[in-house]
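Reassemble the complex: the two chains are provided individually, in unrelated frames, and hints are given to aid placement.
Single-letter residue listing:
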Amino acid sequence: MNDQRQLPEEVVQRVRDVLPGAEVTVQVDRDRLSLTRFATSVIHQNVAEDTTTARLVVHHDGRTATGTTTVATQDDVAGLVERVRDAVGHAPLDPSWPGLTSADADRPRSAEVDLATAGATPRDRAEVVRGFVEGADGLETAGYVRTVHWTGGFASSNGRVVVGEATECGLSGIARHEADGTRWDGLARLAPLSIAELDGEVLGARAAAKARAMAGAEELPAGAYEVVLEPGAVLDLLGNLAAHGYGGRAVEEGRSFVRLGDQQLDPALTLLDDPLEVGRTYDDEGTPARRLPLVEEGRSVGIATDRRTAAALGVESTGHSAHGGFSWGPTPLHLALQPSGDDEVAEEVDGPAADSSVASLVAGVERGILVTDFWYTRMLDPRSVSFTGLTRNGTWLVEDGVVTRPVSNFRFTQSYVDALAAGQVRGVGRTATPVPGDTYSATSPRFSCPALHLGSWNFTGGASG
Amino acid sequence: MSDFEAAEAAVQAALDAGASYADARLMHRRTEQMGARDGDVEDVSQRSDAGLGVRALVGSGWGFFAVPDVEFGAARRAGHRAAEIAEASALVSRDGAGMIPSEPVVGSWANECEVDPLTVPLSVKGDLLTEATRLMREHGADVATATYDVWDTRKWFVSSEGARIDQHVRECGAGIQATAIGEHETQRRSYPASRGQFATRGWEFVEALDLLGNAPRVGAEARELLTAPECPSGRTDLVLGSEQLALQIHESVGHAIELDRILGWEAAYAGTSWLDLSRLGSLQYGSELMNITIDPTIPGALGSFGYDDEGTPAVARDAVREGVWVGVLAGRDSAAAAGLDYAGSVRADGWSRLPMVRMTNVGLEPGPHSFEEIIASTDDGIYMESNRSWSIDDKRLNFQFGTEVGYEIKGGRLGRLLRNPTYTGIGPQFWASLDMLSHESVAWGTPNCGKGQPGQTGHTGHPAAPARFRDVRVGVRAR
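Keeping their order, the protein sequence lines are chains X and D. Residue numbers for the first sequence follow the working numbering, beginning at 1 and rising by one. Residue numbers for the second sequence follow the working numbering, beginning at 1001 and rising by one.
Chain D extracted, bound-state conformation (with noise of 0.2 Å):
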């Protein structure tokens, strides 16, 4: 029984127990992932797993079940119980529960991949880790960590309106970190970025990220942090780097235009969205230097696939064009509820678990600058990078963020070293300061974002230059 097959036996079994609208996803995923601390290896794992989720509409009711089994009987039986569940919710229901129309569409795709993660000895992955963390030690760290993550997702996509598509991703990404611990506080340096860095690529991607070349750099600013002076407080005008812009768009604005947060489909838990639909098209979130795309056919990007897990091809929009915004993440439900035409955003992490609205790969196009010239503009301020600590309220308005280093800027300089830097302030506000943008754009990768109950983690991507804001409040303590 192919797996195709056994996808549209849970469709069917649905369809047979009252469902009008079903749909399944069959998915094998083999992931691999790698620690190193301080010269040792300590933690090698390997998951391999399969199984098959299946959605389904009863009336106004949505079911959705689980099975790691996807054989024909335990497919039938998953449809049914995905029915059983949706008659269940149209307990406390109303009507109006549909989605909008979609094209069935019967496709194939994968991402490029020229080495297989999978294929790479675990001796020589395990000699980069141990050789990165060694090098760490050497120059400055107390405690040095280095570790890789690969995952191989193949998956069937099956519905009720004739939908039949499969998909093999292939993504991977690793990363260094150097803590210094002091007398009375720890400081830590990363490399590429605090979680890694990340892609829709094969190991050829690793490998170019020189995390060896980079090792000593990383433990020696580490140790440097402990006894750089710290952050002043007050408000200045902020350099950010690329990595940490990747988040504040991925928090402040990624999050913000999920359509889901928006209806208030998540206020429970993740939250809601500052941004009111009947504003759409006008609101002005920023300045217009900022343009936002969702773009999910970027190639290489972590957010990046042929069709999101409704079936709806990838397809790239604007969500703020010259600072207005005018798009949204939307799944075909929550469009349906919100009068839009457009889905494409929805993935489910994993085979047991629901599909819904995720960020794909959200990002600001590249601006006319460089970052030379941005410092070089720059008479008072700061430069922050690195992302240390993020926190943004349920609303996805009052943000703020710590970075692993800052930098003072004095007449157009870089100068000393700072310690525990820190900003914040309220997202429009802030965007609305932007006013120089640089063109060395990188697609950063977020491996981590955490949304939906049971949890589920996304991959996304977030294209991001280096960026100067006017008047920010930083330096914000404890104590």
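So here's chain X without its partners, still in its complex pose (with noise of 0.2 Å):
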């Protein structure tokens, strides 16, 4: 039982039809996800599943219920009703319920769905990986490639009725260089509008030369530094940075450093969030997405609200109500930093630089850090949006715009907004690259980062301590 799109009005009748004057959504999806993982350079983990999930939201005289199901036949719908029904009946009153999204707001863009990546087999997955494999040249490799078709309609009782379709794609890799007993790991991540983009050789070469380029790593010496970060890395900051600062209950609860208007970050940093290009096209309130700036040219000119939060605040929703959204509130998932060129694509380049946008910044270092990719952060306080963490898959010593040498894993303990801060940004690379977020689903992040040169980044331990 598939339909997406007859389906959620279906569900709002039956609901009217049980509680009268209920204010109703209903939201059903499916979605194909496929993911084909490899670890010791052979697929060990290949999954696939087809779901369709159906999301209920009752309001009725004052009190909001939830329900959600996986649907197969109309008995799950049935029981769905039923348990949301006796559920609103007891639950306790929200007197901050938001309403439902007007019937005539926007209706969502229509996407433009890439068939071959929606069409994706376990083979096309398994020749993107044997590519990967190969083009790491004899290194271990370890990383998935991963393909995404989702479908789904949404009605609410006041008449509103939207559907949407959306692919999404994205490889992220690892090759590992064994040297004198300990292994060097080099990361490539790439998330193009289309499978048929995702050249497996091109990225295993690339994370092949990272890896060979770590051999022999040594520690430094804790300390602030300079530091280049490759796209990956800038991914964490940006992610956090929204999760934290623009995120409208953050706002709204006064957690967030964010005032809207004032200048706060450095002028070379413009940052919008754009969820045109992949992912759902509305959000679990019927809002369509859209592009929202963050930030233009530093000063902070948005926040990501949905029904409730906005409420709050006094403004319209952005669009950005999702599931689990009680724990982290309206986030940005899409985030787009604009690059400081026109160039769509940079080059490979020899060395451990991902590409040519990268190493044109390196070429601006006197002494600093290349980073490839930040693992493991977590907020220490949300106010400055300070987060410890650490390097992986990749860093260097530059010396005078050349990487002079390998360097084991930082610990670095830093404020996000003291590194983006006016005159903390030295450079943006020329290039944005999209970067898969961790999980995956259509709601799964896809960032679009340019590299950044930071005049500071506290590293505060090495590897042994």
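Quick caveat, the hints were computed from the structure, so don't treat them as lab data. Incorrect hints may appear among the rest.
[As the list claims (entries may be wrong)] 20 Å max Cα-Cα, derived EDC-like pairs, lysine to aspartate or glutamate:
hint, chain 1, residue 1, chain 2, residue 2
1, D, K1395, X, E178
2, D, K1395, X, E219
3, D, K1395, X, D180
4, D, K1410, D, D1379
5, D, K1410, D, E1372
[What the hints assert, rightly or not] A few chain X residues that face chain D, going by a derived Cβ cut-off under 10 Å, partial list only:
hint, residue
6, A126
7, N409
8, R411
[As the list claims (entries may be wrong)] Simulated restraints, written as ranges between beta carbons of each label pair:
hint, chain 1, residue 1, chain 2, residue 2, range
9, X, G254, D, L1118, 29 to 37 Å
10, X, L260, D, E1131, 32 to 40 Å
11, D, D1471, X, G314, 52 to 60 Å
12, X, G314, D, L1118, 48 to 56 Å
13, D, E1131, X, G62, 53 to 61 Å
14, D, Q1429, X, E316, 50 to 58 Å
15, X, E347, D, Q1429, 41 to 49 Å
16, D, F1004, X, Q74, 20 to 28 Å
17, X, V402, D, E1224, 47 to 55 Å
18, X, L260, D, F1004, 53 to 61 Å
This structure is a prediction, so every number in the text was calculated from the model and none was measured. By construction, the Cβ of each residue, glycine as well, lies at the ideal position given by its N, Cα and C atoms.
Dropping the structure here:
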């Protein structure tokens, strides 16, 4: 039973039949998720699912209840309606219910669905994996290739009906170089708009170049260093800055550093949430996804909201309602940091830098660290967006614009706001690279980031403590 | 058609399509969550799902396919698709994928549950949460939240070797959290733990937490933290509360002894491990007080079950004995690759996820001391409790943790409250410095252990008691 387009309206009517006057929203999603994982250079976990899920929200007599179910038969739908009807009668009062998205609200965009990605087979993904393994030229490899195809429909009791479709794909992989009993890893990551653009061999070669360039890495003393952060590391900065700063709940509760209209970051930074290329075309409340400017030349200009936080803040929802919103609140998941140039694709280069965009920033470093990736970053203080974490998958010392030697992983303790403050951004890469987030689903994060050259990064320890 | 029959149909279809081994997990799961904020319930969510996941081995390739349909035809198709995917895996494979032998089990298991959490009226649960947030606000919190979670899982496992197992696992837990907002920073205080406390128990477990009795203290402490002195930087003796030590065990021992990590199967994401299999049985992990067990049989602990998701019966096993590393968390395939002869630690986060090596209850056996004795024996140190942040490298060596509160220890007494406490170290050095361990053990539940791609959330348990570690670096700061 996979009718995501008509089922929402049918369910709304069922609820209205048993609870006249109720405000109702129904969302039905069909997610075809496939992921081919490899390690020790063989495919070891190869999974797929085809799941249809219905989510029902009912507000009646001042009370709200939400129910979700997987859908295979009409019995599943009937059971969902029955459970939520019972629950809403016993739920506590919900005085901050924000009401429904207007039936006249904008329609979601018509998505460009990539047919190659939507129809990708296990063999298609395995072929990309084989390319990565071959590109690594004998080094051990590990990673994944994923494809996602989502179709969905939404209806509400005020007559709003929207439908959507989207595809997403990505590769993240490492090559592992072993020397003197130690393994050194190098990373490549890409989330293009089509699996046809995933060239496993090129990415495998890039990861291998990084891994080989890490051989013999040694510790450097802790301290503040200039850094060039590759797109995989910038992803972490932007994601956490957005989640803890530019999320409506953090602003509403006073936990955010963001003051709209203020120059809070370096003027070289312009950041927006851009869900129009991939991901769901509307949110859980039927609000269409749209481009949302968050930072314009360092000035904070926008925050992500759902209907509840928007009501509390006296603004309109930006279409960022998502499952699990109570814990996290509305969060931008498709961040795009504006690059400094117009080149759509950077060129491959020799050496450990990911590409020509990164290499051009490295050339401007007097003495600093080139960072491929961050790992296990966790927040210490929400107001300053202070985090601790480690470098991973390739870290090098840069002296007078040249990569001079590999460096063991550092631990850092750093305020992300301070790192991006006015005067701290010494360079922005010419090219933005689309990189996949860690999870995979139709709502998985996909960030488009250029590399960044920052004036100071606070490394607080080395691999030995 | 029974649930067993559907699972059997899926397994048979995979065999018919060329699989040499197949298993299927059919699951029905109901979950319920509620969240209250500042006196209002903002979120009441109930989820019900049912589906079937099939795992097939064709040649040396594994495949997995999942559908939310448990009818005969859908089950057959799922089995067939799993075998097709396994065939594609063979494109990038090598000979040798296999599993250690296992005696097929026919069995049934359910945990103790006095009060079914799903039968407790929503209004009763809502009143508990809203009252807790009201009390926290009344006593100093600027933002007060309270949550509970309930999971009710029934699963039927069938393998082509003849296993046939059904289990019913009921879990629940709750927690409250107060946030105080100052001019330049925010402070948080939680109870019973930073993410709540969870168990394989019924609602009687939540009632025993006494959220309302603790809410005023939690609200007041969040406020008090705003003006508390900052945790000093340097090296000192560190006493950890049991909840923080539970997370220390989870991150620096539990994940490190996962055999799939040790073998490099998680190298690209979750990471590897500093442990080398050639030193299993001889490597010194910590001091002689360090006795870590893998025990999925502990009644009520969150990582307990009757059989893992490969059908292996739950058995207690040593991981570290008197400081020496002696055991791993393993599955049948990883054990075969490592040349070991035991498994039993494989679980899947629902029917749509591939079973993989996960922690069960990985905990520290109680020691000979009491918390009072530990404090009284410490001349100069810091006591930290309630986790606030956690970070550890991809080999599970270099860690840094932050806690919600710290207290000075001077002359054998607890002193001033300290804000923003952090400590950092290297796993085996840190565990080697363990010199006092309390007998006051609590089996803390962690309901949010992330691992794998696609991401899986595991429920794990960690018995732990307050302990002292010597000469630890504390007070790491951003600036």
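Hints, verified against the model:
For the hint pairing K1395/D with E178/X, the CA-to-CA distance comes to about 15 Å; that is within 20 Å, so the pair holds. For the hint linking K1395/D to E219/X, the alpha-carbon distance of about 16 Å falls within 20 Å, and the restraint holds. A hinted pair counts as satisfied when its Cα atoms are at most 20 Å apart, and K1395/D with D180/X qualifies at roughly 18 Å. The suggested pairing of K1410/D with D1379/D holds, with an alpha-carbon distance near 5 Å, which does not exceed 20 Å.
Straight-line distance between C-alpha atoms of K1410/D and E1372/D comes to about 13 Å, which keeps the hinted pair within the 20 Å bound. Interface restraint check: A126/X against chain D, minimum CB-CB distance 4 Å, threshold 10 Å, status holds. Interface hint at N409/X: satisfied, since its Cβ lies 6 Å from the closest Cβ of chain D, which is below the 10 Å cut-off. For R411/X, the interface hint holds, since its Cβ comes within 10 Å of a Cβ in chain D; the closest pair sits about 6 Å apart.
For the pair G254/X and L1118/D, the beta carbons lie near 36 Å from each other, so the given range of 29 to 37 Å is met. Between L260/X and E1131/D the Cβ separation comes to about 35 Å, which falls inside the hinted range of 32 to 40 Å. Range check, D1471/D to G314/X: about 53 Å between beta-carbon atoms, so the 52 to 60 Å window is met. A beta carbon spacing of about 38 Å between G314/X and L1118/D contradicts the range 48 to 56 Å that was offered as a hint.
The hinted range of 53 to 61 Å is not satisfied by E1131/D and G62/X, whose Cβ atoms lie roughly 19 Å apart. Range check, Q1429/D to E316/X: about 54 Å between beta-carbon atoms, so the 50 to 58 Å window is met. At about 45 Å, the CB distance of E347/X to Q1429/D agrees with the hint of 41 to 49 Å. The supplied range of 20 to 28 Å is met by F1004/D and Q74/X, whose beta-carbon atoms lie about 24 Å from each other.
The supplied range of 47 to 55 Å is met by V402/X and E1224/D, whose beta-carbon atoms lie about 52 Å from each other. For the hinted restraint 53 to 61 Å between L260/X and F1004/D, the CB-CB distance of approximately 58 Å keeps it satisfied.
Of the numbered hints stated above, those contradicted by the structure are hints 12, 13, listed in ascending order.
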